[in-house]
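K.L.:
Here is how the chains run, residue by residue.
Number of protein chains: 2
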Amino acid sequence: MKPVVIAGAGMIAFERRDDDSLVDMLAMASLRAMDDAGLGDHPVDAVIVGNMASGLFNHQVSVASALVDKLSLYPAAAERIENGPASGGSAIKHGYQAIASGMADVVLVAGGEKMREVIGPRATDVVAYMAQPEAEYVYGVSLPAMAGMFARLYMKKYGVTAKHLAQVAIKNQANGLLNPYAHIHMKITMEGILTHPDSVVSNPIVADPLRLYDCCPVSDGAAAVVMTTPEIAKTLSSKPPIEVAGIGQATDTHALHEREDPTDLKAVRIAAEKAFAMARCAPQDVHVAELHDAFTILEIAESEHVGFFEKGEGAKALANGVTSLDGHLPINPSGGLKARGHPVGATGVAQAVELVWQLRGEAGERQVRDAVNAFMVNFGGFGNNVVATVLRRES
Amino acid sequence: MKPVVIAGAGMIAFERRDDDSLVDMLAMASLRAMDDAGLGDHPVDAVIVGNMASGLFNHQVSVASALVDKLSLYPAAAERIENGPASGGSAIKHGYQAIASGMADVVLVAGGEKMREVIGPRATDVVAYMAQPEAEYVYGVSLPAMAGMFARLYMKKYGVTAKHLAQVAIKNQANGLLNPYAHIHMKITMEGILTHPDSVVSNPIVADPLRLYDCCPVSDGAAAVVMTTPEIAKTLSSKPPIEVAGIGQATDTHALHEREDPTDLKAVRIAAEKAFAMARCAPQDVHVAELHDAFTILEIAESEHVGFFEKGEGAKALANGVTSLDGHLPINPSGGLKARGHPVGATGVAQAVELVWQLRGEAGERQVRDAVNAFMVNFGGFGNNVVATVLRRES
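Protein chains in written order, with our numbering: chain A, 149 to 543; chain B, 149 to 543.
Because the hints were derived from the structure by calculation, they are not lab data. Hints are supplied without guarantee of correctness; some may be wrong.
Unchecked claim - Where chain B lies over chain A, by a calculated footprint (3+ residues, C-beta under 8 Å):
#, region
1, 198–205
2, 219–229
3, 237–251
4, 272–280
5, 478–489
Said to hold, decoys possible - Here are a few chain A residues that face chain B, going by a calculated C-beta distance under 8 Å:
#, residue
6, M149
7, P151
8, V209
9, S210
10, S213
11, V216
12, G307
13, A415
14, I418
15, G528
16, G529
17, N532
18, N533
Quantities reported herein were computed from a predicted structural model and do not represent experimental measurements. Yeah, the Cβ is synthetic: ideal placement off N, Cα and C, and Gly gets one too.
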């Protein structure tokens, strides 16, 4: 495979952004990534936008063309890539393919979603359009509902407790406090969200057994990376280029109930295996990871499915601090979807931006130690389409 | 560039399809393409769906994952590609890049749109979401309105007449009569749509100077191709693989009025130049073409911008029969968007399917003679994002 690198990364703070349009947000993140790459007047051959539902949220299609226009990047090729919540990870994959195929030398990949200005159906309903239309959506199943059912099964099978779930939230909110780009800056404690009698009010059930603090917020935001060849990257910026060393992707049944074992996230497992095979490394070689914790249970389940821990050991590793910022394998140093927020199409790109910063040593107060291999999982649908990526610093 | 071929092509008839979901339509077209390719049990590595607005039209996102599920193609990678009305052409480009990059060996590319079951805003309004949101859409500009303004300027500058526009419609409807996949099977005459006094009623003004028969219909439909390497294609089917010899893409200002000369379709010109350069051939080498006649004026304007005719000569060539089925350079033998219909995301893929059939000699009553090089233009927005493609039969 031809090597492809990320030469620049940037994002805007995830929050409620009533005054910025989706294209404004994509443009701001893009300018930061282009500036970070030292792109100057170097032409951009293609623009790829990861976005799930601009038509539904913002009554706009062709957002990739709109971004080219906003940034005056004509005649750059441009497309929007949609893969539900994994749109960002898929956009990076298509950026890789554009360069590795020889069709483009420099690609701007921007992910974004503006979810708070929903006209008509509410955000959770729009998100539910990714469910199986004949077997799930029509019966009113939402993503939190699916996550609740999954959590119940997983907890029963592997001994995960409500306390473990709360520990994911507490860890990620603590990391998010160190991330100026995170949507929710809030210190939470076990007592505050779980053990105190009042916590049934402050942290109510969303979809049993998941409570409010087990679910990511609904956010507006955007993130971007500039991808290119190693040769061109060297001419642009003095910052070390980060290699996109491995990409793996896998699909599974659209409907959760059709899986032989619904607790088995087969697509996560296969996507990770493929990414590690392409990157010629193993889960044990990873120094920092961003996992897709749209719901707390997913961070635990993914940490096992990608091979960091044996099945049933993920919650214990979490409880023992292994995945904390100062642990052996920090997971979601950014605060994850839980604290950074989850503007759907932005998430996969934001994961990559965080990992670029971690690999370069630019992550400030939340910097992990000496990372060379970084890993991310961007989880589409309820695990029906998963993209796993290995990023690597030249060591 | 690594050679990539189309090994199989298929589509379903474009029409109003109340009984088929979008994913049903995509699956039917895909099965025909996979059968045509002789794919058998050969794995599909990636599925790419060209679709503009499944969320808005059908309240469904993640349609690529849904198609994988419907066809049991797990764990194939899957994404939806959106580039407005050029989503199909862009999907084929991403299919090319997936294979040429080495990330996939066999890619299923399916384009589709189900536009007739609009819940809420009407189809023309949804289509208008591709317009510039701050300068066009908010003021009520629709695509027919933009095409009307463009037509008026083009007619004045280049001497194109209402009769020329009617000739495009008459030619394409005549071709469509020979195409069992076309939505509108209707013989029309100059008297019936233009010169008879009653034609002001039967062919009313839509956006002056464009009348009803100058505009494509609103259709449901899907089309698909199987893309692979030449080596694998040989092992699958005895049909001649069709090389994707050149792909060019270009963007222009999002808003029509920001162009220095609004009659200059710069993105069409640049996309065509790039496609011909990659294919190492010239407009004069093309034997059959599918152009994006969402409005009759566009066929004439595109035929000039891609280099088939000098500016101002396209209408004359049309009038002289050069672009007729038995002419020197048949344009839109399928009937084009005008007669075949324009289910937005399907169109670019349907153009490729028609050209594969023409290059193989499988186009039945509308077969053109001895075509080796075929060319297509898929036109996004109002010319803000255009994909041009050269397909070639081994001669």
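K.L.:
Each of the hints needs a verdict: does it hold here or not?
P.N.:
Status of the hints after comparison with the structure:
| no. | hint | in the structure |
| --- | --- | --- |
| 1 | 198–205 | holds (count 4) |
| 2 | 219–229 | holds (count 9) |
| 3 | 237–251 | holds (count 11) |
| 4 | 272–280 | holds (count 4) |
| 5 | 478–489 | violated (count 0) |
| 6 | M149 | holds (5 Å) |
| 7 | P151 | violated (12 Å) |
| 8 | V209 | holds (5 Å) |
| 9 | S210 | holds (4 Å) |
| 10 | S213 | holds (4 Å) |
| 11 | V216 | holds (5 Å) |
| 12 | G307 | violated (28 Å) |
| 13 | A415 | holds (6 Å) |
| 14 | I418 | holds (5 Å) |
| 15 | G528 | holds (7 Å) |
| 16 | G529 | holds (5 Å) |
| 17 | N532 | holds (5 Å) |
| 18 | N533 | holds (4 Å) |
Hint violations for this structure: numbers 5, 7, 12, all remaining hints satisfied.
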